[in-house]
Amino acid sequence: MSLPKAPPPPSSAWSLTAEQQALLAERVRRGEAGAEEDLVACFQRPVLALLIARTRDSEAARDLTQEVLLGTLLALRQGRLREPERLAAFVACTARNLVFKHLRSRGRALQPLEGTAEVPAPGLAPDALLEAAERRELVAAALAELDERERVVLELTWRQDFSPAQIARQLGVSGDVVRTRKSRALKKVVEYVRERTRLRPGKDSLERRQG
Amino acid sequence: MSCQERFPDEMLERYVRGELSERDRRALEDHYFECPACLERVETLQAVAGVLAPAGRPRTARRAPTWRTAALLGGLAAASVLLIVLQQKPDGGHATGPRPPASGPAARPPQPTGPTAPVVPVVDYSDLAAISAPRYEPSSLRGAGRDSGFAAAMGRYTAGDFAAAAAALDAVLRRAPGDPQILFYAGVSALLAGRPDDGVTRLEKVVIAGDTPYLEEARFYLAKAHLQRGDAATAERELQRVIALRGDLEAVARELLDRVSARRSGGRMPAPASAPP
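In the order they appear, the protein sequences are chains A and B. Residue 214 in the numbering used here is what sits at position 183 of the first sequence, and the numbering runs on without skipping anything. Residue 14 in the numbering used here is what sits at position 23 of the second sequence, and the numbering runs on without skipping anything.
Among the hints, a few may not be true.
As the list claims (entries may be wrong) - Residues from chain B that keep clear of chain A, each with C-beta distances beyond 12 Å, as calculated:
no., residue
1, P(-1)
2, E1
3, G41
4, A44
5, R126
6, A143
7, T149
8, R165
9, A200
10, A224
11, A253
Stated by the list, open to error - If you anchor each label on the Cβ, the simulated ranges turn out as follows:
no., chain 1, residue 1, chain 2, residue 2, range
12, B, G201, A, A164, 23 to 33 Å
13, A, T211, B, A235, 36 to 46 Å
14, B, A242, A, K219, 36 to 46 Å
Said to hold, decoys possible - So these bits of chain A aren't anywhere near chain B, every CB distance computed over 10 Å:
no., residue
15, R60
16, A91
17, Q97
18, E114
19, R127
20, K132
21, E186
22, R190
23, D192
24, S205
25, V208
Rather than coming from a laboratory, the hints here were simulated on the basis of the structure. We put the beta carbon where it would ideally sit given N, CA and C, even for glycine.
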C-alpha cells in the first residue's frame, strides 16, 4: 500500500453534542466568520452518505449534497430552525426531502430548494471527495488482504447479491458461519480504513472554534 | 446499548443495498449524522459495494436478446407450453408431469399435523411456481455441446425425461464442473424433476459464474425454485434482481413479482392473459 499511514483517531468516537449543534446553528445565524465552513465540514460527509444510499447514484449525490447544505445554511441564516440543538436531524431531514424531490423529478430538471436560487452555493471541501476516493482505494487494498474465505463471502454478497443462506449452500457451511465470516471481514475492512485515514469530519475545526 | 448492537453490520449492509424500511433508514441516518464511528461504517460499506459492484456492471445494462431468451419467451407464450407443477406424493416423494397450474401444491411447505398442532395459514404459490422447460437448440450450442455426454443428456431433456436429464447432466458436470450452460440445464432439469433444492444449488452456481449468457434466466428460475419451496421472500429478491438486469425477462419478472407480492400480502391478482412462466 503506497498511502502513508496516518496517526489513528482517538479510541472513543465523538458525538456532535446538542450544545455544539445549537452553538453552530447560532454562529451561522449570526454570520460569524468560519461558521458556514464548519457546518459544511461537519455535515457534508453524512449528507453525501445519505444521498448515495437513497439515490444509488454517486454523481447525483455529489450534486445534491451542495443543494442540501445550501438549503440548510439559508434556513439558519434566516433563523428558521426551531430546535437548533437538533441541527443534525434538521440537515438529515433536508437531505431526505431533497432526495424525494429528486426522485420525483427524474427526467426533468430539478428545481432548487425554495429560496436558494439566488444564494451563492457553499463550496464543498475538496477533502471530502479526496477522502471518498482514498477510502475506495483503501477498501480495495483491505479486501486484497482478507482471508480468502472471508473475501469470498463478501464477493458473493456484494457481487452476486447472495443471501447468507445462499452462500451457505454454496460453501457447504452453516448460515451462522457465513454471517460470522462476513461480520469479521467487514470489521477488518473498517479497521483497515480507519487506521490509515484521518477522518474526523469537521470536529477539529469545530472544537478549535467552539471549544 | 452500543452502536453495534443497535445498528449491526447486517442492518448497515441492508441500508447500503436499499433494503431497509423507511423507518429503520431514518433511525440509522439520524444516528450516523451524530455518530462518526457509524458514519465511517456506512461509508466503508458503500466503498465495499462500489469496489465489488463497480459501475457499469451488467445489472444496469440492457443486453441484446439472446437466442435462448427469445426461445424461452416464445416458449412461454406458446399455447402448447408444458406446465409442470410439482406435487407431493403421500409418502413425501415428488411426482412430476404436466398438470394444470392451480392443481399442484408443490410450493406448500409441510404443515403441522396432529390434534394439538397450531393452525398456521399457508400461502399456496404452486401456480406461480409452475415452470416450462426452456427450449434447447443443439445447433446453437458451443463448448459443452461438443461433449457427447451432454448431447445425450439434452436428448433426454428434449424428450421431457427431466429426471434422467438431470442425472446425466450431473455426470457431465463432474467433467466440466463450472460450465454455466451445463449447470443451467442441470438446474432447470432438477427443478422440472421435482428437486428444487438441487435446482437451487446448480442455478446459484450459474449466478456465481457472473455475467454469462445464462445469468438472467438462472436468476429467474431461481425465483421459481424458491416459490416451489414456499420461500416467497427470497423469490421476490431474485425477481428484483432479474428486473435490475433490465434484460429480456424484465417484464415477465415484474409481472410475477407483482403477483407474488399480492399473494404474500393477502391480495389476489387476476390471472394473466397468457400462461404463467
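Going down the list of hints, with the structure as the test:
1. Look at B/P(-1): its CB is around 8 Å from the nearest CB on chain A, not clear of 12 Å, so calling it non-interface is violated.
2. Taking the minimum C-beta to C-beta distance to chain A, about 7 Å, the non-interface status of B/E1 is violated against the 12 Å cut.
3. Interface exclusion of B/G41 from chain A breaks down, the closest Cβ pair being 6 Å apart, not more than 12 Å.
4. Not every beta carbon of chain A lies more than 12 Å from that of B/A44, the smallest distance being close to 5 Å; the non-interface claim is violated.
5. Every CB of chain A is more than 12 Å from the CB of B/R126 (nearest about 26 Å), matching its label as outside the interface.
6. Remark: the non-interface label on B/A143 is consistent with the geometry, its nearest Cβ contact in chain A lying 28 Å away (cut-off 12 Å).
7. No beta-carbon of chain A is positioned within 12 Å of the beta-carbon of B/T149; the least distance is around 29 Å.
8. Annotated as non-interface, B/R165 keeps its C-beta farther than 12 Å from every C-beta of chain A; the closest such distance is 17 Å.
9. For B/A200, the non-interface assignment is contradicted: its Cβ lies about 9 Å from the closest Cβ of chain A, within the 12 Å cut-off.
10. Consistency note on B/A224: stated as away from chain A, yet its beta-carbon is not over 12 Å from all of that chain's, at 9 Å minimum.
11. With a minimum CB-CB distance of about 23 Å to chain A, B/A253 clears the 12 Å threshold, and the non-interface call stands.
12. Between B/G201 and A/A164 the beta carbon distance is about 26 Å. The supplied range of 23 to 33 Å therefore holds.
13. Checking the proposed 36 to 46 Å range against A/T211 and B/A235 shows it is violated: the Cβ atoms sit about 28 Å from each other.
14. In this structure the hint that B/A242 and A/K219 lie 36 to 46 Å apart at CB holds, the actual value being about 42 Å.
15. Look at A/R60: its CB is around 20 Å from the nearest CB on chain B, clear of 10 Å, so calling it non-interface holds up.
16. Annotated as non-interface, A/A91 keeps its C-beta farther than 10 Å from every C-beta of chain B; the closest such distance is 12 Å.
17. Chain B leaves A/Q97 outside its interface by the beta-carbon criterion, the shortest separation being 17 Å against a cut-off of 10 Å.
18. Every Cβ of chain B is farther than 10 Å from the Cβ of A/E114; the closest lies at roughly 13 Å, confirming the non-interface assignment.
19. For A/R127, the requirement that its beta carbon stay farther than 10 Å from each beta carbon of chain B is not met, with the minimum near 7 Å.
20. For A/K132, the requirement that its beta carbon stay farther than 10 Å from each beta carbon of chain B is met, with the minimum near 16 Å.
21. At roughly 6 Å from the closest C-beta of chain B, the C-beta of A/E186 falls inside 10 Å, breaking its exclusion from the interface.
22. A cut-off of 10 Å between C-beta atoms contradicts the statement that A/R190 is not in contact with chain B; the least separation is 5 Å.
23. Against the 10 Å criterion, A/D192 falls within the reach of chain B, whose nearest CB is about 5 Å from its own CB.
24. Non-interface status of A/S205 relative to chain B is upheld: no Cβ of that chain comes within 10 Å, the nearest being about 16 Å off.
25. Against the 10 Å criterion, A/V208 stays outside the reach of chain B, whose nearest CB is about 14 Å from its own CB.
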